[in-house]
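Protein sequence lines correspond, in order, to chains A and B.
Here the first sequence stands for residues 1 to 979, where the numbers follow my numbering.
Here the second sequence stands for residues 1 to 61, where the numbers follow my numbering.
Treat the hints loosely; a few may be bogus.
Distance ranges between label pairs, derived from CB positions [said to hold, decoys possible]:
{"#": "1", "chain 1": "A", "residue 1": "Glu611", "chain 2": "B", "residue 2": "Ser6", "range": "18 to 24 Å"}
{"#": "2", "chain 1": "B", "residue 1": "Ser6", "chain 2": "A", "residue 2": "His659", "range": "35 to 41 Å"}
{"#": "3", "chain 1": "B", "residue 1": "Gly15", "chain 2": "A", "residue 2": "Trp553", "range": "50 to 56 Å"}
{"#": "4", "chain 1": "B", "residue 1": "Ala7", "chain 2": "A", "residue 2": "Gln296", "range": "44 to 50 Å"}
{"#": "5", "chain 1": "A", "residue 1": "Gln296", "chain 2": "B", "residue 2": "Ser6", "range": "42 to 48 Å"}
{"#": "6", "chain 1": "A", "residue 1": "Gly212", "chain 2": "B", "residue 2": "Ala8", "range": "43 to 49 Å"}
No lab work stands behind these hints, which were simulated from the structure alone.
Beta carbons are placed, not taken as given, at the ideal position from N, Cα and C, and that holds for glycine.
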Amino acid sequence: MTFSLGALFLSASAYLLVLFVIAQASEKGWIPRALVRHPAVYVLSLGVYATTWSYYGSVGFAADSGLLYLTIYLGVTLAFALAPIVLMPLLRLTQRHQLTSIADVFAFRFDSRLAGVLVTLMLLTGSLPYIALQIRAVSESTQVLSGDSPPQVIAVVFCLLVSVFAIIFGARHVSPREKHSGLVAAIAFESLIKLFALVLLAIIAIAMAFGGWGGLHTWLEANPTRLDAFHSDVGSQAWTGLLFLSFAAAFLLPRQFHMLFAENLHPRGLRTASWGFPLYLLVLAMAIPPILWAAQALGMTTPADYSVLGIAMASDSAALALLTYLGGISAASAMIIVTTLALSSMCLNHLVLPIIRVTPHPDLYGRLRWLRRALIGGLIAAGYGFYLSLAQTEGLVAWGLISFLAMAQLLPGIIALLSWPAATRAGFIAGLMAGGTIWGFTALLPALSTVGPIHIAGLDIATAQSPAYFGQLAFWTVSTNAIVLVAVSLLTRQNPREYEAAAACREVSVRIPSGALIATSPGEFVVQLTPVMGEPAARAEIEKALNDRNLAWSENRPNRLQQLREQVQSNLSGMMGPVLARDIVDECLRLDVDSRSVIAQNMHIIEERLEQSRNGLRGIAAELDALRRYHRQMLEDLPLGVVAISTGKRIARWNPALHQITGIGASAMLGRLVSEVPAPWGELLEQFIDENTSHAYKRSLPLPQGVRWLNLHKTLISETPGGSNNDYLVLIEDVTDGQRLEDELAHSERLASIGRLAAGVAHEIGNPITAIACLAQELAQDNNQQTSAQSILEQTQRISHIVQTLTSYAHAGHDATPQRPDDIPLLPIALEAGRLVQLDPEANQIEFTYDIAKDMQVLAAHQSLVQVFVNLYNNAVHASADGGRIHTSAKRQRNHVQIRITDSGHGIPSSIRSKIMEPFFTTKRPGEGTGLGLALVDNILSHYHGSVRLQSRRGRGTGAEAIIQLPRATAKPPEVLDA
Amino acid sequence: MARMDSAAVGLLLLGVGILVFASPLTTWWFSREPPWYSAFCIGFGYIALVALLVGRQRHDL
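Make a model of the complete structure from these sequences and hints.
Quick look at the structure:
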């Protein structure tokens, strides 16, 4: 069975069009977003690892080296098992600093443009032949199915279509933060096709060649040499070497790095991938042996590398053959698309932009996009050029291993990046050059050479390119690389920027701004960036960074502007690479390193950095950090408001106590000017700082909630003993409660004085009243004056009664000890209290009514209970309007008497209901009430085992009622008697 | 089972991986002519262990 070239061309084109539709549907949202962003899609997209080498070449590899082919998958399994300590830290690093490629990572870690250039060249050299290999596989597979000579036209059209796809769906955004969901979905679909085609083919192969699973076992038993050959290389040197190579390739191949880190949407995807991706590869790999043995059992003449197609053709199923062919197209197209995307980003950042420099352009983003698109086209064209030159060389496996070996040269650098902060730029570059040179001479050059033999140490390396040979090379190149890296690193020193980058890679951020920003607003950032990027791009970048940091264009706090500067650098890094981004930011957004207020301005940033890096600090650094935390906590926990004000009157610290006093949080104030602090606090602070005095006591501050009194203290902060930098520390002590207590005490003292005076006056009035009463009695004996005399007598008795009540009430206040409870009638007490309250003119227009049985008695002390009633009546009078009514009733309840005092006032607002019993709580204006009345009532009643509660009046009308519970006279509790 | 930190999980899996896939134990096991699919069964078992241990990690970015 053969296919015409036209049919194969149409099939391949139609399949690639399906990919276009899937990518477009994902980006337009026609496919549910939840599905596109599902971790399974991310895991499948990593299947780009399986190229035509895996798809077609694994069978040939297994035919030559048995189970050795499995190492290409097992190495990946081991690498993904290390996700928590290798992949996760790399993901965090790339996302935090927006690093889009492995070249960006090394350029960032070693703060070296040369490192980025070398890594890019290394990967480019290792990847272009690999791209050529994919084109060749497409071409050869077409040849196998069509039985024709190599169809160049298919290769050309295939290259054009994947170029268009990569340009449209892979280079849509210039920033790595904007993911290419369409690309990921399309690659995931291709992985599914590969898996489905290979597994289906394996099942059909078993059925076709052996009649079923049992037949396969019978055939293997009958051909024990096959199984022996299959297992022969397990544990050999080649086994270990290839395991190591695929371990490195799992995440260092450009396409793997791109899909793993640049297109990662969420870390949970990587966690799923740690087992999901190895599972995918293992299922793929498991299909290989049955296909191999089926091809052997059927005696196929197709080259072993294309046994997959041979089996499909032998099945006489055109659909299966086309599916298998399209699986190969999937493997090749996915690899080429993702590899060129990754390489184009590296080439742009590390080869092109450093040469052409970023210049002002009306559409900088468009320019970068088109540069990247041109690079994608150029890379695929270069791959095609390689394909033409490699067309005659043999084997798919060798080129795959050459590429893997190139990636393995980055492994020592990755280990240093993750776990050896002392590794230096010189060490990395020297190691890479040493390993790369050996790789170039022993692996790449012989493969490219068309002349031979090439002898090194007596070995013809041009013909010795077997898996075992690459296993040995893996050992020699990588160990040389690592030894040189370590040796040179030990002999050289890091510069501060390198040290800083090394710390950032370990998530210990020691990057602290070295100066104060010259720009004072985001608008000035735009002005400063414009000469390099052009105004539109500069404005767009600042807008983006402001959104990232949730800041406004009006922002002027230095610490926030520093964060904005870092965000701009990070965003530019994603677009142009970390080195160029840093150069641009350092050149445009300059820092004033001589500023004296650097520490105060950046205190917030420094503290944030130290918080983030807490777990990474060791030894003396960790101890110093603990000491810093302790000192800071002292300030934070101080029960006084603390505000540190730097030179330029910016706020550098604002502790929680000050938040409590002012109601203004630290986050809103840090970095602000003192004049920006909301009134009246800003004025208070400004005024106090400008004053000559260091202390101010009981300074009043009018606030909407009432006047507050504050003690203020300030001091200059010294940088060195005896020196100062004009930064101030201001302490604010809220003494309002103390001041209020003093006022209340003074008021109480005045009242007490008046009480004593009134008692004295009452006593003095008593003598003349007695005299008047005597005279009135004498006058009463005169019949003519009897009526008038009787009236005088009644009025004098009334005066006497008032005076006696007043005197006894005044005397009762002198005795601080609680009076002994006794059986006392309730009605006279209520009446006496009523009379007392009615002495106040305010109570004249209030009607007092009583509904208390004459024989009702309670267990309490007379004067104390009068005090209770007076206080409650006073409150009721204050709450009632003229003509109001205060009604007192009492009823017996088991062992208690319940007294209810009801007024017709405005009631108790719900907002103050919970506070009315608290001491010093009053709704009256200052000086008019002590706020102690109800608290005193509660205190007296609790002494006599009673209680009081106040509530709004139930039923009709407004008003409040006080409900008092007191023990009945007949229910004396023994402890009360003993009291 | 108590939750292990990332480094412990990584090192444990690396150790088990090396023992299973690249040690004298591997050579010995395959010299005993096991069924052809035994390598895949070991692979599946190892992946299950990875899923179990890494899946328990909740430390993200």
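Evaluation of the provided hints:
no.: 1; hint: A/Glu611 - B/Ser6: 18 to 24 Å; verdict: holds, 20 Å
no.: 2; hint: B/Ser6 - A/His659: 35 to 41 Å; verdict: holds, 37 Å
no.: 3; hint: B/Gly15 - A/Trp553: 50 to 56 Å; verdict: holds, 55 Å
no.: 4; hint: B/Ala7 - A/Gln296: 44 to 50 Å; verdict: holds, 46 Å
no.: 5; hint: A/Gln296 - B/Ser6: 42 to 48 Å; verdict: holds, 45 Å
no.: 6; hint: A/Gly212 - B/Ala8: 43 to 49 Å; verdict: holds, 46 Å
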